[in-house]
Structure formats: C-alpha cells, structure tokens
Amino acid sequence: MPHFDIITNAMLLNSICILSAAFQVSAECIAKERKRIIAQPLLAVALIILGYLLFALGFLLEDATQTKMRVQVAVPLAIIGSLLVSLNWWENYSTLFNIGFLEDVSRDIARSANMVCMLSSTVRVLVTAAVVGAYVPLSDQQWTSVAKPVDREVIVVLLLTQIGSSAVCHWFVVVACKMHMLRSSFAVPMYLASVVVLAVVCGPVVFFYMQLKAKSSLDHYNATVHCMELTQRNDTHWSLKLIVDITLTLCTRDKLRELDAMTLSFLGSSTVFWWLGLVLSTIYMWFLHIQRIERTQDLFVRRLYEGAFLEQSMLLNTRFQIMKNGKHKRMKEKVMVYLCATMWHETYSEMMKIIISMFRLDKYRPKPNLRNDVVFEFHIFFDDAFKDVTGSQGRHVNEYAEILVEVLKEVYIIFSEEDPSIFKQRARLPDQRIISTPYGGRLHYTLPYGNTLMVHFKDKQLIRHKKRWSQIMYLYYLLGWKLNNKYAMEFGQGEDERTLAEKLQREKDNTYLLALDGDTDFQPCAVMLLIDRLKLYPEVGAACGRIHPTGTGPMVWYQKFEYAVGHWMQKTAEHVMGCVLCSPGCFSLFRATALMDDNVMKKYTTKASEAGHYVQYDQGEDRWLCTLLLQQGWRVEYNAASDAYTNAPQDFKEFYNQRRRWGPSTMANTIDLLGSGRTTSTRNSSISMPFILYQIITMMASILGPATICLMIAGSFTYIFHLGSEIALVLAVVPPAIYLGLCFKLKSDTQIRIAAVMSIIYALFMTATIPAIIGQMVEEGTFVTPAGIFFISMVVMYVMTAALHPKEFSLVIYGLLYFLCIPSGYLLLTIYSIVNMNNVTWGTRESGRGAKGSANTAAALTRQVMQARSCCCFCCQKPPAEERSQEMVVVQPIAGAEGQEVKENQDPAQTESSPEPPRPQPEQNWIAQLQKKAYGFGLSESQLRMEEEEFWRELQKRYLEPLVEDKEQQRKIADDLKDLRNKVTFIYFFSNALWLVATFFLQFIGEAVTIKIPKVYPNGTVDPFKTYSLDPVGLMFLLSFAALLVVQFAAMIYHRIYTLIHYLSYIDTESKAGHKLKKMKSRDDVIEEEDQDWRQANRYRTVKPTRIGAKLPESARAGPGQDEDELYFQNPTASERTVTVV
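Heads up: the sequence shown is residues 34 to 1175, going by our numbering.
Check each hint, because a few of them may be wrong.
[What the hints assert, rightly or not] Straight-line C-alpha distance at most 20 Å; calculated EDC-like pairs for lysine to aspartate or glutamate:
#1 686 <-> 595
#2 499 <-> 595
#3 541 <-> 630
#4 1011 <-> 630
#5 400 <-> 464
#6 499 <-> 687
#7 640 <-> 987
#8 246 <-> 268
No lab work stands behind these hints: they were computed from the structure.
Can you build the whole structure from these sequences, using the hints too?
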C-alpha cells in the first residue's frame, strides 16, 4: 500500500469482499435459489475481478522503472492480500461445506470468544512486527525513519483519530442494529463512508492546489509544477503537512501528474467497480430479520472490528444465516406468560387497577392473534377468602371476594362493549364457570378477547395461607401440573423420552410467570419490555420494572422520591455491575426454567422452623426468591422503561410496619448472599468479586447509617448553636439512645407514635440545617469546604439524574421532603425495625377498614347508576319482573356494610312506624352466594377433572396443609426470635457505638490527629492562614460514600442509554408489526369482518326519539321475554361505555 496513491488505497479496501461474494454464490447454488437472487453476488464477483484487471492495466500503461516494480510486486501483493483478508469472515459460511471439523471449530470459537480474541490479537501484533521487520531492509530504508519519524505530530493525530472514530463508529453500528435501524443508520452510512472519505480528503487537496495556482507567478502552473513545489515546502502545522502528504501520494504516478485520460478512467472505473462489488455482496443485510436489542455476538461473527478498513469489516462481519432450503423460514417460538396476582384485603379501587390492567392486556394480545408471539393467561390467588355464616350449610366468601366479583363484572362490560352508537341494547354477557376445589373455589372466565382468567379462592381451613404459600401454590400448579404433567401423560402413552425432554425444556425456556400484587397497575408495553429481556438473554432468570408508588399525602411523597432514587441509582448500579438483588413481587417476570432449577422452587417451599427463617423467608419472600436464583447462577435484571404503579402506605404506622418487615429481611438475604459470595461468583458469571466488594461497602454504609445521621446532627448543632463538638455529639446521640431503650419496653403502636413526634422535631431541625449550610458558605466566602462540596455535589447529582429521567423530573420537588425526613428514615426507622425484628406479623392490611371503605365505594357507584336510572323513569313504563328484582338486589346493602339502608323516595317517619322487614335468609353456600352476586353474569357450576383434583390433594398433603398451632412450639419460636433480636441489636448498634466513640475521641484529641485542608476560594486562590480540620475516619467514610455515588451515577448513565435503545426499538418494531398485520388481511377477510360488524350492529335496536307513550317501530321492538317499550342509551354518569336501561 505505500506504493499506491490515496485513492487506490482507499477504494482497494472495498475488494476484500470478493470471497464473501463467492461464498454467497456457492450458498445460493446449494440452496437452489432462483437466478434473480444469485445474480447479485455473482455480479459482485465479476465487478471485483474487473476492478482488479483495470487496476493492473492502469500501471502497465506506465513505462517508468518504479511502475514496473509496482506491477511486478505491489499489484500482485495487493490482490493476494485482499483475497487473504476476505477469509476473515469464514465462520459466516462454514455451514455450507457440511464438514464437521469446521462446524466444531466454529462452535469452539463461539464458546471461547474472549480467549480467541486475545490470542488472535497477539498473533496479529507479532505478524505485523515481522512484516515491518522484513519490509524495512527489503525496501532499502533505514530504521531511523521508522523509530523516529519526521512528522510525528501528524502520525499521532491520525492514530488518535483512527482509534477514537473507529470505536465510536463500532458502538453506533451496534446501537443502530439493536434499534432496528439497520438500513438507514448502518448499511447506507457504511456504503457511503469510503466515498465521503475520498471527498473529504481530496477536497482540501484540490482547494490547496487552486490556492497555490492563484498565488503563483508562473503562466503554466500545472500538476507537475505543483508536485515539485510541494517537495520543497516545510510546513509546521499538522493539517498542512497532512494535505502535502496526501498530494505527494498522487504525485508518485507520472500519468496522474499529467492528468492522462486513460489512466484516470482506469483508476475511476476500478474504484467504482470495487465499491459496487461491496454493495452487491452485502445487499443481504437489507433483508436480515433481527430481534429487538439483539445481542452483539448474535449480530456479528467476530467481536473485534478491523480499524484499518472499518466500514468493510463491519458490513462483512454482520451475520448471514444461509438456509440450504430456500423455502425454510425461521419461526419464532411462542411465549406463554402466566400473570399471577395475589390478593387479600385489597380495596375496590385497588382491585379495579389490577383487573383493568389484565383486561387491557387481553385486548392488546387476543388469544387468536396473527402475531403468534405470546399468549397470556391470568390467575388471581385470593388469600383467606372464606368465612362462616350462621344459618348456611356451607362456607361463604368474604366481602372482599364479593367486591372482586363486582369489579370483574363491571370491567367485563366495559371491555366487551364495542358498539359506538348511543342507542343500543347491552349484549348478554357470556356464561362463566364456578368450580368447587380442594383448596376452596375457583372462578373461570373467558375474557372478551379469548384469554383465560381464573380466580382461586383459598380457604385457610383447607390450604396454607399467606403470600409465600400462594406463590408456591401457583408455582406448582402452573409449572408442575399445567407444564410438566402433559408431558408425563405423553410419556405414559409411549412417546420417546428424549424427544419429550427436549420439548419440555424448550417450553420451560419459553414459559414465564409475571408476579403481581393485588393493586398493581401496568400497561401492556411494560410486560412486553420484560419479555424481551428474558426472550433474548437465556441466562436471565428474572426481570423487574420501575415501580411507582401511588397515593396522596406526605408519606407517599416521601416514598415517591425514595423509590426514584433507589431505581435511578441503586438498581441501575446493580444491573450494570452485577445483578439486581431484589426483583419486587409486585411486578416481576420470572423464567420457568429458573424457578424449576435445583434448590429454587423446592427450597422456596421450606417451612420456617428457626428464628432466622421467619425473618428471611416470610418477611421478604421476593428478596429470598431472588437470592436463590442468584445462588443458582441466574441473572436478575432491571428495565427502567417497564413502568408499574402500586399503592404505597399513606399513613405513618403502615409505612413503619412495612419497612419493619423489609429492613431485617434485606439484611438477612444480603448477608446470606455475601456469605456464599465465593461460591456464587463461581456459579454466576454476572456476579464478580468487585461486585461482592461493592455490596460489602454498601452494607457497611447501611449499618453505620444511624451513627452517620447522629454525626450530621452533631455538626449542625455545632454550627447553629455554637456548641463544642463533644457536647454537640452527646446531644445528638441521647434522643435516639432513649428511643432505643423505650422500644424494648413499649408496645409497637406506642413506639410508632413516639417516632412520629420525634420525626416532626427532626424535620424542623433539618429545615434549619439547610440555611445553616448555605450561611456557612456565605460566611466563609467560598463553597469549597467539605460540607459545601458535599452538599452542592449531592444537589447537582440528583438534579442531573432527574434530568435524565424527564418524565420523572417533577419528583425533585419531593426531594426536599426526603431531606427533611432523613433522620426519621435512616435513624428512627432503623431502630424500630431492628428492635421489632421478633414481630413477624405482616403489619399491613390486617385491619378491616378496607372492606368497609371499598363496600361503601361500590355502593356509591351503584347508587349513582340507580339515580341516573330513576331520573329518566318518566319516559318508561312499568319495568318487567326481572328488572324489578334486579333493582331490589342492587339496593340491598353490600356484604360487610353495617346497618340498614333506607330505600330511595321513602319517608323516614313511615320507616320508623313500619314493622321491621324479615331478614333475608343466607344462601346455602358460596356458589349460590356468588351466582346471586353476579346477576346478569351467569356463573354455571362445573367440576374439576379427577386428575387435577388428585393433584391438588397431593400438593396440599406435601406442602400446603394448614399449619397446626402448637402453643409450645410458638412459645419457643417467640423466645428464639427475641434472642435473635437481642443479638442483632447488640451487634448492629455496638458497631454504630464504636464509630461514634472513635469519632468522639478523634475530636477530643484535636489537631494532633486531624487532616488539614486549606481554604480555597471559588477563583482558585488559596488562603494561607485558614484551614479546615477533618478526622481521618470521617474523611475515609466521606470519600467512600462519594466513590459509591460516582459509581452509581456512571452506571445510571450507561443504563439510561441502553434503556433508550430498548424503548425506541420496541416502538419501532411494534409499529412495523402493526402495519404488517394490516397488510396481511386479504379482501376476503375484510368482507368477513364487515359481515360480522353488520350482524353485531343488528343485534342492537336503534330507535329515533319518540313522544311519551308512542308505539315503537316494529324494527325496534323487543325480543321474547322483554318489555316492548324499553329504550337503551349510554349513561354519561356511569363508567365508560356502560349501558343503562330506562
């Protein structure tokens, strides 16, 4: 290449695609494709060979001695070199030859890609050094020209430019492929790269020539004179040196200096032919079908790129999967997703959120859908749903279960109503099934768009209750019965065991469980984004989304910012550096293969028998499940674009009780994971020893949090009240120490009341701290102080983080409340959680307030509908008996509401004087109860299959039998829990005491052990007389905390970039898939849909307004069994698209 000009060198690189084009021709011949397809690579081979011929002819026409040497040596070497380089991507076509050795080598290279890259890079360096060592003496050059080049500055600039631009270009190419912008952002720029480079390079050369020609005094200033003049120049600027060097490469050829037409035509034609050959040989890229966020190793054959010919290597490095059978198409395997929600004491509004989300997903992916990519099935497991009713032969479901049935009916009507007309008849709701089961009961719904919803009512007298056991229940039912059992039956029928095992493994890999809480609200895209993570990355066992707390009040505002910071910084750092440690149970997607792995699902069924088990297993079951997955080698990820909303505690007591469960459980699981850190890092490739070290530092910072808060408060005392550091520290430690002692003596509710009062006092004090910090910076005349730098950097970092989350930027407002509540959240709450570790009750939703409130809400909505109905009663005649009975049922008090409800338009005096009506008799069992409750929504009684009933009885016997209360065992566990609490409390707060004592003595000793930091003004001036003193321990902690924040901030930026890539890719592919589905519908399908719409429209009776008492038209008359003069219209006061009878 040193013997050729810049144009030849730049365009000769395009010829390295010759063997790739030849391999494509062979592939198409083997695949027996049509000639139209084989013509493209065949034409590419012809053009490249023609370019070689013109390239050689261009030099043969020159008579100079130097040119003969080029023809004899340089031209053949260039052609042979391009052929050898084109062998780089042989793995792309190794399957064509049916040689087992090559296929084995390809698989081995893929398995050990990192080692192969390191070895190949080393070999390249050695070969390059050997070539240079041989070239220098053979070309009669001196080693000084290589070791000490004259234009070192130009060489350094070119080298850095090449390295930087190549790395950036490679990254953008990967991003373009992941975002499905293969053509516009990858192929086209790579095709035009060499052309643009020539234009950029030759443009300044031509401009420089025209400029010198204009300045020259010679009459005949031509290219030859220009070349001679350039050899005598001695420019100092690197850009001029570069232009001169480029021009001199063109001056080495006599014919080019003379602007010979034939030489120029040969040169131009060969470059064009090579470029066209590259385009035609890589035209297959335009038709590649890649998935969203495709893995880099799946996109490209080799991980490394060739910096010398970047665009050509990126194009040829793109994988090309050649099918020997041209009609074969790669079919995407269908994914089965089970949505499993656990319920207990959810309110009406909370149930409405989760049910609407499920119906919304049913509409997004109907069961008979053309995409054929994912199927959804919905399950709700209702804990402790039954109660005893006096006078009934069987047990009844409680008021919460009744509300759920009401919500299902309302939402079903909304989503099944598609007729936009105002006057219409509500279609009859389809019958659903109600089934008695060994664990209680089940409702089986077929949703409007074909998917299935099952509600499992659990009777705690028959099956073990609480959330973890509900999860175990659906894990064994969905993965054991529905997944494994069908293959076991096929094996019993004589099917091949190996074939069945392969099918089972494939289905396990493509079966996911979405864990939900009973109040989770989400959009379909949130689920699809999580599915992408598991579908594309087989090592991912679970993925969670961004959880947004909902509600009103200061406690919710505090949690909004707390959740935001936790997801913005902590979860992203865990995802980037290793694995997410907790995938919350309110919205997380799990892979069936991971859950069915050894020591995961089986160990998850372990009954708590020790004090530590109650803390780790039952207080934070989602955290423990993730710990089991991580220890088995599975990766847990976080997707920031997958949004879910869940209700947060709105009062102080409920918030403290929730965190009382979460705090000790988090600590127990983290210690368990760190204790098995070496083994886990060996099994799990995503967990490295640096990540373990990061978790240790984070754990230490969390443990020392109370002492750190006390030191912060002591510092504020020192500045605000001008107290000595020792007295301030004592004053800061005494209140939490007193609260710690009171927590051992007082009841839980009293502890929370005291914490609430102290939180208010601390918040007032923190309010004074902010002006104090600002005042100190103003007084000192500089912000370059330890406190000022820390304060400003924290504010700037959080504002920048929020700016990178534009939809959540408004949460910065709640950051002020979060700052005021730091002592409450990190000091008082920690004390309360550790001291009450022995309390293993759930702590939330254990009161009956939700039932009454939700019942009243449902009753209020029903009364609104009834009022809207009665306000138009003047235009209708007497309702039929069926409607009258429906009205009587509606005005009955909803189960769970106390007292009696006065009927509308009834005189209270008449009510007092009239005799008390007889109480209605209760239904005989829960089936009759719900059949009556779901009026208008038929629930037909059905039976379980005998095999499934046996499965449930066996599962109950093995894992889910109700726990027998053993008073002696309970007392022993209670004592063990107290003993564990005492040990943990001692170790925890003794560590904080050591930290405080060390800080106290360092402050007491004074300047002898402090580190002096000079005072620096904002303009950079150093005050020689003023210094700040910091104790070594405090400085070390401050630097460690700052390092953690910097690491988390960098990880957040990295995670945001790839979240944006995933989200844009999802939007692009979903929109394209939607357009494709529309085009797939043939004219016959459209006609069929129009016929169905016509038939559906004629089911409703549309009438014109008539005067009161007028006879309705014949076409608008009712069917058999209905009143002739009923009108149907959309009720504007009811829920969306509901229908009211008047």
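| message | Need the list of violated hint numbers for this structure, in ascending order. | response | Hints 2 and 4 not satisfied by this model.
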